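Participant: If you want the building blocks of each chain, they are given just below.
Number of protein chains: 2
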Amino acid sequence: MLLDQQYLFAPGPTPIPDRVKAAMNQPMIAHRSQEFPKLLEDVATRLMPVFGSENPVTVLSGSGTSALEAAAANVIEENDVVVVVVAGAFGDRFASICETFGANVHRLNIEWGAACTPEQLEECLQSIPKEIKAVFVTYCETSTGVLNPIKALGEVVKRFTNALYIVDGVSCIGAVPVDMKEWKIDILVSGSQKALMLPPGLAFVAMNDEARAVIRNCKAKRFYLDLNRYLASYETDKSTPFTPAVSLIYGAQEVCRMFEEEGFENVIKRHLLLKEMVREGLRAIEVPLLTSDEDASPTVTAVRTIDGPSKQIKKLLKDKFAITVGGGQKKLKGEIFRIGHMGYCTPFDVIKVLGSIEMTLKFLEGKDVLGIAVKRAEEVWMEHV
Amino acid sequence: MLLDQQYLFAPGPTPIPDRVKAAMNQPMIAHRSQEFPKLLEDVATRLMPVFGSENPVTVLSGSGTSALEAAAANVIEENDVVVVVVAGAFGDRFASICETFGANVHRLNIEWGAACTPEQLEECLQSIPKEIKAVFVTYCETSTGVLNPIKALGEVVKRFTNALYIVDGVSCIGAVPVDMKEWKIDILVSGSQKALMLPPGLAFVAMNDEARAVIRNCKAKRFYLDLNRYLASYETDKSTPFTPAVSLIYGAQEVCRMFEEEGFENVIKRHLLLKEMVREGLRAIEVPLLTSDEDASPTVTAVRTIDGPSKQIKKLLKDKFAITVGGGQKKLKGEIFRIGHMGYCTPFDVIKVLGSIEMTLKFLEGKDVLGIAVKRAEEVWMEHV
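In order, the protein sequences belong to chains A and B.
Numbered per the working numbering, the first sequence spans residues 336 to 720.
Numbered per the working numbering, the second sequence spans residues 336 to 720.
Every clue listed holds true.
For identical chains, the list gives no copy identity; a pair is met inside one copy or between any two copies.
Below, computed lysine to aspartate or glutamate pairings styled on DMTMM-like, alpha-carbon distance capped at 20 Å: (1) LYS554 x GLU434; (2) LYS687 x GLU621; (3) LYS356 x GLU589; (4) LYS554 x GLU412; (5) LYS556 x GLU412.
Since the hints were derived computationally from the structure, they do not count as laboratory data.
Quick caveat: nothing in here was measured; it's all calculated off a predicted structure.
Please build the complete structure, drawing on both the sequences and the hints.
Facilitator: Here's what the structure looks like:
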């Protein structure tokens, strides 16, 4: 095989389009120059429809986790009561961050592989007699491939509490619909390396005015991730308080152009098609999936290996077909693998990964599956051509 | 003029070599893949001589300030007494970070434009009766172009205290000598966008074993910048706790190759030459400098505008010659401009900026200086060819 041809189907980082690479290669500029404010403002405003935000999106330089921390550390003061929906490793991380910063954290534990229902959240919120400062929910739980019903959960949050509704959109924003106002989201965060088709290194925070007021008054200690500094710097001169990752912001500008050219509603449709092709294809060769169709994210699909294909499948996909998929995390380690299908991903990529899974199953288990998943995926695709 | 030809002489971000851009354009890889640990280990160990570190260098995804915060927030507990040498805007930022995280901060204020002397530090340390937890010093104070005498200050720190010696090397590491063991530095931090010839977005922390022990026992709240997480993740599987800025790390690998090809001792000599050319050239046309030769950094030179060329010079350099220099910061705003000459910078670049300053002075003030600074710089260069 051509060793340089590697196929990245991890649920992030995801492949980078050539034109985004080219954009990132533009000559470096100083962040205190005349040019940078134009660039930052352009990106911050063009991302607004992608985040369903009425305010420009705040750009941080850091991993997705830096945005999760920013969302928590700018809101939480010692002993504040918060609720975190934990339906996988990233809900668990959100809860750990809240605990680190001194919150009294109520974890609403959901079976890994299922979404949180409005009824579960309502019951949890009703059981807490104290004032709740914030409710944290993961939109797409990357570790399980579950998409939580953010709109319906927002209804519950605002009906039963005065809490801020804070959503982790790291592994789906840029591939799914979202409307912060209609869905009652106060803070929505994401990272660059998933559906946004960029290398890792940028993190995004969209805040409504209510959230900004809470953040302004929050006494908690923070410096690098102090959102007030970012908001003030943007307000004053469309800049950032600290040297930003300029090349990645150039890349983000090109991604915005690509979204606008495809039409963001078509980006969303494409991801729904990718999801359906992956799931229908795998189902056609009797590979068991972790989540129901209803709970599944359009960006990542978790495959059960515990009662399905051998755990060796992940290694063989890599060794024989140069295909990288994600493994299981924490308590799902060894029990699943995960196929990322977001960002710079087309139906042909799904055919590629399904074909490789067919050949790997034939190789590993002698299963007579060649062409079957691909055929089913093509049928699904043709319904949308 | 060719509008696309822009010349970046800001004291960071600095220009990116084409081969570093090419390296950053390598296909994206997953950070939980087989490939990433090899990349990270390679970079972390190849950076050791650049940081004068006996341990692999820890790589964070963030601005340089994230590394300053990491150095403070992983060491300081509530009411710890610390000393911060403040000789400019970045010393001031280091002090603000320490205050944010609850330290009892003694600021040793040095006149902006001068370096801290060992005597000044000794007097300050002797005047504090309490146990000092850490002493923070800026190696190159970017806002003034001053290089503090880190080795001599380290002697004083360790003679008079048991404090950790923590050094901000953001705007010089990669261009200057440093030896953490011999110079008694416990923590040395830097950023990617200055002498390291990378876009902004990576931050680096080198720690000796004593610092690691303090960090391990520190009870302060931190998550994204918790250095214990980075050390543990590197120890376990040569990875990072959170999705790292992979493309920039590819770039860092290429920068290490470039340093090795040039020979790091030659990189250091080149910067000394650039400094001498800039200073001698400006002196030949009677442009006043902020700092003495002895205190001046080889990476950035501050020019006085208050009693020298008009404040308009910065704008004209940009408008007429597409040359970006840095302005003055905080209390030096409007009083100086700053020429960055670090990283991917050659003697020809110095000739370019000096020639443009000559032409701008002729244009602005009718001064008969054409060719004079350039001639002097060429003379200096020829002594070293």
